[in-house]
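Participant: For this one, chain A is given, so just place chain B on it according to the hints.
Number of protein chains: 2
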Amino acid sequence: MVGVLIVVLCGLLSVLYGVWAIRSVMSANAGSERMQEIAGAIQEGAQAYLSRQYTTIAIVGVVIFIIVALLLGIAVAIGFAIGAILSAAAGFIGMLVSVRANVRVAQASSQSLAAGLDIAFKSGAVTGMLVAGLALMGVAVYYLILTSFLGYAPGDRLVVDALVALGFGASLISIFARLGGGIFTKGADVGGDLVGKVEAGIPEDDPRNPATIADNVGDNVGDCAGMAADLFETYAVTVVATMVLAAIFFAGTDLLTAALLYPLAIGGSCVVTSIIGTFFVRLGANQSIMGALYKGFIATAVLSLIVLLPVTAIVFGGLTGTVDLSDGTTISPLALYFCGVTGLAVTGLIVWITEYYTGTGFRPVRSIADASQTGHGTNVIQGLAISLEATALPAIVIIAGIIVTYSLAGLFGIAIAVTTMLALAGMVVALDAFGPVTDNAGGIAEMADLPSEVRNTTDALDAVGNTTKAVTKGYAIGSAGLGALVLFAAYNQDLRYFIANSEEYPYFADIGAGALDFSLANPYVVVGLFFGGLLPYLFGGIAMTAVGRAASAVVQEVRRQFKEKPGIMEGKERPDYGRAVDMLTKAAIKEMIVPSLLPVLSPIFVYFVVYAIAGKADAFAAVGAMLLGVIVTGLFVAISMTAGGGAWDNAKKYIEDGHYGGKGSEAHKAAVTGDTVGDPYKDTAGPAVNPMIKITNIVALLLLAVLAH
Amino acid sequence: MVGVLIVVLCGLLSVLYGVWAIRSVMSANAGSERMQEIAGAIQEGAQAYLSRQYTTIAIVGVVIFIIVALLLGIAVAIGFAIGAILSAAAGFIGMLVSVRANVRVAQASSQSLAAGLDIAFKSGAVTGMLVAGLALMGVAVYYLILTSFLGYAPGDRLVVDALVALGFGASLISIFARLGGGIFTKGADVGGDLVGKVEAGIPEDDPRNPATIADNVGDNVGDCAGMAADLFETYAVTVVATMVLAAIFFAGTDLLTAALLYPLAIGGSCVVTSIIGTFFVRLGANQSIMGALYKGFIATAVLSLIVLLPVTAIVFGGLTGTVDLSDGTTISPLALYFCGVTGLAVTGLIVWITEYYTGTGFRPVRSIADASQTGHGTNVIQGLAISLEATALPAIVIIAGIIVTYSLAGLFGIAIAVTTMLALAGMVVALDAFGPVTDNAGGIAEMADLPSEVRNTTDALDAVGNTTKAVTKGYAIGSAGLGALVLFAAYNQDLRYFIANSEEYPYFADIGAGALDFSLANPYVVVGLFFGGLLPYLFGGIAMTAVGRAASAVVQEVRRQFKEKPGIMEGKERPDYGRAVDMLTKAAIKEMIVPSLLPVLSPIFVYFVVYAIAGKADAFAAVGAMLLGVIVTGLFVAISMTAGGGAWDNAKKYIEDGHYGGKGSEAHKAAVTGDTVGDPYKDTAGPAVNPMIKITNIVALLLLAVLAH
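Residue numbers (the numbering used here), protein chains in the order written: chain A, 1 to 709; chain B, 1 to 709.
These are computed hints drawn from the structure, not numbers from a lab.
Accuracy of the hints is not assured; some may be wrong.
Any copy, or any two copies together, can satisfy a pair, since identical chains are not distinguished.
To be verified - 30 Å max Cα-Cα, derived BS3-like pairs, lysine-lysine:
no. : residue 1 : residue 2
1   : Lys563    : Lys586
2   : Lys669    : Lys563
3   : Lys565    : Lys669
4   : Lys563    : Lys663
5   : Lys669    : Lys653
6   : Lys197    : Lys669
7   : Lys663    : Lys653
8   : Lys653    : Lys197
9   : Lys590    : Lys563
10  : Lys565    : Lys586
11  : Lys663    : Lys197
Same shape as in the complex, but just chain A (with noise of 0.2 Å):
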């Protein structure tokens, strides 16, 4: 019980450090009139969506929290309550913070580029704070409820139940979000570039836009929002399914209680690092932005490899010894510690291949900016090109990762590898959430008329977030690839159990030991990986159809404006900045249902469906290779899709460096193209695909426990 206070004592570290950094960003100069005026409609649209959404969002959660209650108990509908709350606050003060940093950002960058990144990575890091320590605060306290003064033994049935539905409503926020918030965002920005940029010729963010707030107030609802929502369902999810496995294979040791806290004690240390991390990230001599962001992330994976060992010492009470597990392993705590470090190296790793394929520095951009120059089409088909080849390398890390720590510590070495990678999600989410603010100020400046160098300063600022953010995409989905044999066995483990004590459990009562298959040879596996292979293709497709037609209401709104009020392109009259947001909101809430829903009741209807056909054993089958057939597709639709939007917004980037003819050229022009298919791709349907395996998962697991009652 006290490793766990202290765990939760760490929690409310990050939470000071969030109202300390909310003052320091506060307290800084927020400019000129002008610019508040425009940071103001920025703050009003971006609460009045969020609001809506999170409306839209708590009556399907009232409806599954009684749905769950009913079916669960009340304390499962609890923890599925902590879940969506802590999650959706999570995104909500993060969006906060960022609608009021943007604009001091914006005047800081007028003074100095490191007085700019400051304000914006303090910003950030309060997004990133809160979304580790409220996930890691709403396990811990939770648990320590249920098992302290509830007196739950830690592996009962109820706290591995309600912890699985803490992380359901934790997902359920997180897919709604990213979704609501991608369709949001990318639909204001497609439809504001494609009237503005390609057919008026007006720069970005130029104010006589129409969709140019609409823009804005997108970013911080769908990159900033939606994203905190997403890792803090990823952090929570990985963390609940850590301590259900250790629940499961530790059961009967001395070292059950220790295993249970570890997950937490490594997510509790590396909130310590990453606030201290914070402090690391400082422009150098030569003005590297990327450098001072690295040298925030490198001072905390280095800070947790060296804390992570005592911490492991601890916990377990010694590193060498071994423990027998019931799945046969043996382990050792200093084997587990390894597989952290290995988690910490597959996190380097996919941030290396992702600044490799998304940074203007390497081939893939350049290529993509090189085809440019024979036109739209070849852009288009060397984006696709690159996007296809980027889902290699990450891949071999993931499946490396896999062996290495499998040939470690087992089943749970891979949870351990992957908590440990999460436990980083503070920083990372930090460096992540600095992007859309400094993609605010930089509106802010070009639309209040500041002078170029602010417009330099925020650009140059904005062109490392669009690295930073396919890091974090990357990393979130690399997560999911690791964890796929964690979110398996947690099913798998369950399943057995539930079969094994059918005496207690009498719907499983008909299932003999041996009649679960989940061999490749059988049939309904195969059925399995192919229903779960469709699942993120179909999603993928639902979420670039509504991007697609929100944006052309947008490109039709705008153009109505245009010709309606011919003053706005001579800047004498003001456009109707609201009508594109209000439109905007209605389209992303409508939207976003019918796709969020899919990963909710796929598994559901598989299971059904195939009991129907073939009865239970083959139909928890079927839905086991589910959820490995959604990972093993959805991880490779999700890097492609990332991995390629970044390189196609900074291919345009790299041409606006001056490369090909710079702005204003044909290659330009296609470059834009790329641009505009890439939003989507990286801020819509890709990101999303995280969550929606998660909760495909996390549903399995619900299944079995409604099925057990």
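Facilitator: Same frame as chain A, but now just chain B:
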């Protein structure tokens, strides 16, 4: 033996049909001197390309022949040579006919649509019947020689290995031909369109475009010869895999010889029904080309449905008796017949779904056309959305096919369904191969300045060709999906056979019968799934890059010619067509090597790497899982690419038909970009995934045979 001889006769019949059809095509009027001159240039280019391509493949082939002969003996190596030579022959002869039919179709189209359709379809039917007939004969004759003349038992390892090697020979030719041809044709098409249509504003196939002959050459070497090789190998590999399964499952039963004959008998019957079906292709009063083709297809399918019932009864000596197979299932000939019916149903559904996604009469294509109004970016976004979405229904059809046929007759039932599906290859290839001929005819009509009515007629034929081309690709990859379990089962059963008989095959002696674990809970299975999953992505990325590179080179070459010879654009100077053909020949041959070797080397790589880390049992598990992994992602990658590409192409045609502003409008320009992007998607990367899957599977089987020696 009598049965096999009858099958050989059916194969011969298809060759006779081919001879008759060739004579019939060649007797048609070959048009004016100018037309023959153009056609001559296309012939010359196509022949030069294919000769070089096959010379290069021959070098690789000879090396592999020697390796196979050394490792597995001369009889197996001869199997390899038969597969390779016949596959190449089918493609080469088909190409020779189509480069002579094109000009005759152009000439006939100046009389009537019916006359043009007649010659075009007959020329396609030559390729179709040769593909089906030669594949069937190759397998049947070599099987007859091995079993009846050389006296090997039907289920002997040598017979199995020799047939597998025959499949490997066919696959190897196929991947080279698909990729090389695909890079050539799309390099020419994309490059020519970009610089001609988009930049210079001249129509497609305008004789002033120096890339126009290369574009027409590409239709023949890619869409005709490459496609023929692809379907040849799909046919051969499927029949072989089904025979391998028959040898295993029926071992020790009275029906072994009958079961081995059955797939051949299905093939023989359907060759005959396909030939009869070709005579049903006739333009009705409504002048619907698709209707005329459907008549032929439906006639073939219905006749097959009728004929297969008595054929099944004759082969098995009755319909209702049951037999217990070695895998524990009990099947009846009637159940196998119904599996065949299911295979036909799957084919019909895939045709129907493909038409929905790629036809101009339905939502998907129209939504892309609609999105073109708001620019290049939204066109591409909507096209990608449709390409992702288009995978869902085919996957569900395949899933249903697996469930139905497995319920009817176990794994062997699935194999029979796939065999029956592919038995229609003669007719399906005929529908497809007619496309490039009409495409060429249109080109010749344009270049020879024939009246615009002729071009309208060939355009109408060509539009239908876009859909039939997409159908064939969906059909080929769908068979791979449905056959996934068959290919995996062949591997799994082979492996278990070697392990069970390890006194004869000492390499397998140290693997316990229970050690082989294909369960999803085995990390090496997940590793295999991921590794297999990355292959279609990496392969697709390389192929797309190759096309982009080839197209860029064409663009630069054409720009150079336009600049250096200003007379070209005025029609006073003749462009140097040969340069573009030469350049593309070199590029295609060079670029096809590396990606083609990827699936050949991957199973060997995975086996030895995992073997070094985790031992034989897990290495075999990883390779087995890899076979499914490559199908799970490959199915989605291939369908999304081929359906998406077809939809983009027809969205452009829909706009050209006068919607959204018609030709020359901004929407049309955006649609041309989408079409360009779709080109390498649907004609290079997408279709090559099918042979890639097959090669990976076949190499895994050969690896087992080699390790056993």
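Participant: If a hint holds in the structure, say so; if it doesn't, say that too.
Facilitator: Results for each hint:
no.: 1; hint: Lys563 <-> Lys586; verdict: within (24 Å within a copy, 52 Å between copies)
no.: 2; hint: Lys669 <-> Lys563; verdict: both (24 Å within a copy, 23 Å between copies)
no.: 3; hint: Lys565 <-> Lys669; verdict: both (27 Å within a copy, 28 Å between copies)
no.: 4; hint: Lys563 <-> Lys663; verdict: both (26 Å within a copy, 25 Å between copies)
no.: 5; hint: Lys669 <-> Lys653; verdict: both (12 Å within a copy, 24 Å between copies)
no.: 6; hint: Lys197 <-> Lys669; verdict: both (9 Å within a copy, 17 Å between copies)
no.: 7; hint: Lys663 <-> Lys653; verdict: within (9 Å within a copy, 33 Å between copies)
no.: 8; hint: Lys653 <-> Lys197; verdict: both (14 Å within a copy, 28 Å between copies)
no.: 9; hint: Lys590 <-> Lys563; verdict: within (28 Å within a copy, 53 Å between copies)
no.: 10; hint: Lys565 <-> Lys586; verdict: within (24 Å within a copy, 57 Å between copies)
no.: 11; hint: Lys663 <-> Lys197; verdict: both (11 Å within a copy, 24 Å between copies)
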